[in-house]
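Given chain A, work out where chains B and C should sit, using these hints.
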Amino acid sequence: MQKQAIFQSKLLPYALVAPQLAIVLIFFYWPALQAVIQSFLLQDAFGLSTSFVWFDNYLELLQDRAYFEAIVRTFFFSFAIAVSSLSFALLLAVMADKPLRGSMLYRTLLIWPYAVAPPVVGVLWIFMLHPSLGVLSRYLRVLGIDWNPLLDGDQAATLIILAAAWKQISYNFLFFLAGLQSIPRSVLEAAAIDGARPMRRFWTVTFPLLSPTIFFLLVVNIVYAFFDTFGIIDTMTRGGPGKSTETLVYKVYSDGLLGGNLGSSAAQSVILMIMVIVLTGIQFRFVERKVTY
Amino acid sequence: MVEEEGFRRYVAHIILWIGIAIVAFPVYIAIVASTQDNALIANGQMSLLPGGHFFKTYYQTIFIGTSGSTREPVGNMMLNSLVMALLIAVGKIAISIISAYAIVYFRFPFRMPIFWLIFITLMLPVEVRIYPTYKIVADLHMLDSYAGLSLPLIASATATLLFRQFFMTVPDELLEASRIDGAGPLRFFWDTLLPLSRTNMAALFVILFILGWNQYLWPLLITTRDDMQTIQIGIRKMITTTDALTEWPIVMATAVLAMLPPVFVVVAMQKLFVRGLVETEK
Amino acid sequence: MANVTLRNVRKTYPGGFEAIKGIDVDVGDGQFCVLVGPSGCGKSTLLRMVAGLETVTGGEIDIGGRVVNQIEPADRDIAMVFQNYALYPHMSVYNNMAYGLRNRGMAEAEIKTRVGEAARVLELSAMLERKPRQLSGGQRQRVAMGRAIVRQPKVFLFDEPLSNLDAKLRIAMRVEIRRLQRRLNTTSIYVTHDQLEAMTLADILVVMNGGQVEQVGNPLAIYQKPATTFVASFIGAPPMNLMSTRPDEIKSQLGGSAGEAGILGIRPEDFVITDQTPAGGVALPLTVEAIERVGAETFVYGSRAQEDQRVAATPGELPPGEVIVRLPGTEAPAIGQQIRVAAVRQKLHLFSGDGRKRLEA
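As they're listed, the protein sequences go chains A, B and C.
Per our numbering, residue 1253 is the first one in the first sequence, and the count goes up by one each step.
Per our numbering, residue 77 is the first one in the second sequence, and the count goes up by one each step.
Per our numbering, residue -8 is the first one in the third sequence, and the count goes up by one each step.
Extracted from the complex, chain A is given alone in its bound form (with noise of 0.2 angstroms):
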């Protein structure tokens, strides 16, 4: 944690850390607080008088039907994201892995759109799946699809679905490329001698050796999928049609912003916060496997 040769000052350490604590506790732990008891108090309808209500906002939250399909829907679009952008970028760096001629220049041509600022991304997908003008769209039509996201709210989520997963490929195959790097090639090797066929050897010597990294990249992929999207659904769908797009994060920014509902606003970044710990500890309990691994 700390080194053996160190210098001795009173104040100095103080200066150093104080611009980042300064920061931290104004920008951080008091709005976070904020966060905390606002959840606990009710506003009138025109922000006249609040009172303290204690876990009602919460309540509430657990009633709310719309709540509940909230919860529901941003686990299964983290779950749908994750899953397809991780299987496909796993499939990319399987390949970009073999000594193949320009594997430097397909590393470039793959990892750019990390790049892409979510809201941009949005505006590609919808542009390219846009019901009337959408180049896609055409022969989604000629296809027999009754292709219309801005009211089917199905082919909204899907639309979300594959824009946001589109984005996550280059990051998950940036990952999956150094850690299939990072096996060392005389197990692979030891596995051909052992004769194992190519498919063979990746399920089994391969794969569980990179069991850490998909651990890894599921858990980032989960966390970027809550949060990120934000971006990307503002842009397509504004959470609509109906509420078929909207997560949490997109529910807390709309119920406060829009909806002028505070205190639950407050109670569901509350809730939010929590998840984070949640994941960030068990990324945290993953990492420390990692080095033991």
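Listed below are the simulated DSBU-like cross-link pairs for lysine-lysine, each with C-alpha atoms no more than 30 angstroms apart in a straight line:
(1) Lys1495(A) to Lys211(B)
(2) Lys1255(A) to Lys122(C)
(3) Lys313(B) to Lys1495(A)
(4) Lys122(C) to Lys159(C)
Bear in mind the hints are in silico, worked out from the structure with no lab data behind them.
What follows is chains B and C alone, placed relative to chain A:
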């Protein structure tokens, strides 16, 4: 490596090119659309080949903006995004590296509690504290300002952790040699530790610049004035009006312009980018 | 030019661990003092206390007539060469050497002269603009030396400076360090765990064990008259053979009260193969277990007969009953052969039963 026969290698090349095509297609469409006539696109008659409106569209986008919805030159938005991204990246690196230095190289009361206070902020992304943070920024009169855009995003436990981890790998003897050579804490930091951290700082800068440039929710909340909008916010506002009025070539040109700086950074500084990404996730 | 005097120096860590248990050493002006001992004996800690990198919790450290206990490393007028060299990786060779001088506000012209001179002596003149990573291990070592030399300090401190080099280079650098030190005539303290390095470099040798000094003195004197069984087995390779003696045996001839067990030590090179038993000496019948022929000499590992009561006194140094004998390279007894070796009276070392005291004849 186990050698593979020709057939399997061909399959690998083909799969990779399919992957590249899937990854690139939406962007290709955006580029094509930004060079075509709006009327054609609105009719659903868009061609899959580039049109002839490249200069017209990009000139209008950068210097004038849409004629209907936002009317803000995208060049100005890009400037706002650039300032915000630079402030976030430089600010994070600056405050993180000095706090990590204090935590690793000094022993002082409340050292560990302070470390934990910083560390726990990992679990408080801006999304879970948006309204209270908004309120504080409003109370501090920082709405529609670069300070308001960047300060709440500047505290970074990740960067502090990264620097802490790096400092731990710096041999103790370097500090001891510096002490014998007559260098005090600030001089050691400036003359030795900072130059040694250059690669780490650069890698971190690449990642933080991209993350800063791509910020969305926070700028969305605290910018109300059009001239303070970042490009990510601008692009959304361009498609808020009813579909029929959306000027798609300009929207797509804006999307391309929004992608350009961060994609350029990733491609041009690939090594630093990969390093930064892997290190910050550790 | 300075003496270094340690007076009852102690180091106790906050946890209560006592690393240095009261050490007195006096290094004269221009002398080369070597601290030697097994890892964990406190030799590096002691050196770092002299440097000012570790606090002193008891006693006094005096450099050139000034007690330096509370003085910053930079102000002690010392220079140090580290085991891993601790070169500033981002600075050129020139800047590595100049850094300490610049921090002291020396004029750039003077710095240039000093670095140039040191580089010439160390044959680094051609690589002043290189970065440390572009140098070989031996060159890095020389830069570390150069950084110390340019300061022209009162005292050089060396913390195992050669242990990262390969064997051949180590010997060459050893010679070079000694030559340089003689030339500059700067008081030096040198830490090593290598007894050969210690023997060849030292004017004064300090053998340490468990945070204490076992013996101080001229290296040859220590070799010839080790004060304890620890020193006897640590200085000299292969180590001295140690075996407990029966109370009535040789000891009665050497002195000491009858009925008290002692430890007898004989160096491997002091044996000869003979049927005679020298007067007052010792003869051992051995079965040859293994031999190592290294050219100039032959090492014989023999086991003593069962009925022989003597066993190795310090466990770990010699398996019970094993004796190492060094013979000229021309001799090579066969494995399994019975031989009889003997050592003369003058070559015997006798220690008290606990090994802490040498019993003089």
